[in-house]
Amino acid sequence: TQLLEQSPQFLSIQEGENLTVYCNSSSVFSSLQWYRQEPGEGPVLLVTVVTGGEVKKLKRLTFQFGDARKDSSLHITAAQPGDTGLYLCAGRLRGSNYKLTFGKGTLLTVNP
Amino acid sequence: GAVVSQHPSWVICKSGTSVKIECRSLDFQATTMFWYRQFPKQSLMLMATSNEGSKATYEQGVEKDKFLINHASLTLSTLTVTSAHPEDSSFYICSASTGTLSTDTQYFGPGTRLTVL
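So the sequence lines, in the order shown, correspond to chains E and W.
Position 73 of the first sequence, counting from 1, maps to 73 under my numbering, and the rest follow consecutively.
Position 51 of the second sequence, counting from 1, maps to 51 under my numbering, and the rest follow consecutively.
Treat the hints with caution; some may be incorrect.
Simulated DEER-style distance windows between Cβ atoms [unchecked claim]: (1) W:Thr105 to E:Asn24: 18 to 28 Å; (2) E:Pro39 to W:Lys55: 29 to 39 Å; (3) E:Leu45 to W:Ser73: 20 to 30 Å.
Computed footprint of chain W on chain E, listed as stretches where at least three residues anywhere in the stretch have a Cβ under 8 Å from a Cβ of chain W [to be verified]: (4) 38–48; (5) 102–110.
Keeping only pairs whose Cα atoms sit at most 30 Å apart, straight-line, the calculated DSSO-like set for lysine-lysine is [claimed, not checked]: (6) E:Lys57 to E:Lys104; (7) E:Lys59 to W:Lys41; (8) E:Lys104 to W:Lys64; (9) W:Lys55 to E:Lys99; (10) W:Lys41 to E:Lys57; (11) E:Lys99 to W:Lys66; (12) E:Lys70 to E:Lys104; (13) W:Lys41 to E:Lys104; (14) W:Lys41 to E:Lys70; (15) W:Lys41 to E:Lys99; (16) E:Lys56 to W:Lys41; (17) E:Lys57 to E:Lys70.
Just so you know, these hints were derived from the structure itself, not from any lab.
By construction, the Cβ of each residue, glycine as well, lies at the ideal position given by its N, Cα and C atoms.
Starting from the given sequences, assemble the full structure and let the hints guide the process.
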């Protein structure tokens, strides 16, 4: 069973459009992270959220952690071709340790 | 920022041979390193956690005799895939952390593509 469910799995949009990627679980996480991974490379950390209801912004990217710390979303405004990549959410279970559990990822393609 | 390197970046080997992959933290001391495996179009799956100077902790279903992990220093961990077979072909990624607290960040390496013929 997948602890972290990401949706959608694939997303192909035109430059300038907005999009939202979701990361859901039935478990509570002490923290949740979003990564972006390009083909043949390791994941690069975008943000860490730790407080329920927390919202963080990184230029055109907005990250939100659910109030119950079971879900998170990533919203991209005015997507650009450079945003293309695999977006992964990963969380640390509450009461667990330093292990990261990854979702399956959302493969985003932004067409010029 | 913290940099983690992996070597080699890709390797092709014959079935039955062993392959060693190195993971180095270049500008910080990593008390804990993690090894992940990623199959095409799938997510990262944790294989094992290694702490410097002690035996690695393997995830359920990962054969410790097949995937040998050595964390000999605070800046180097190695993963050896013994008697590799085509089904071991995958993208292997390491990460390094300065600690084991839930707030400690894992810094990921660029990955190693292993192809077993």
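Going through the hints against the structure:
no., hint, verdict
1, W:Thr105 to E:Asn24: 18 to 28 Å, "holds (23 Å)"
2, E:Pro39 to W:Lys55: 29 to 39 Å, "holds (34 Å)"
3, E:Leu45 to W:Ser73: 20 to 30 Å, "holds (24 Å)"
4, 38–48, "holds (count 7)"
5, 102–110, "holds (count 5)"
6, E:Lys57 to E:Lys104, "holds (23 Å)"
7, E:Lys59 to W:Lys41, "holds (27 Å)"
8, E:Lys104 to W:Lys64, "holds (25 Å)"
9, W:Lys55 to E:Lys99, "holds (17 Å)"
10, W:Lys41 to E:Lys57, "holds (28 Å)"
11, E:Lys99 to W:Lys66, "holds (22 Å)"
12, E:Lys70 to E:Lys104, "holds (16 Å)"
13, W:Lys41 to E:Lys104, "holds (8 Å)"
14, W:Lys41 to E:Lys70, "holds (24 Å)"
15, W:Lys41 to E:Lys99, "holds (22 Å)"
16, E:Lys56 to W:Lys41, "holds (28 Å)"
17, E:Lys57 to E:Lys70, "holds (19 Å)"
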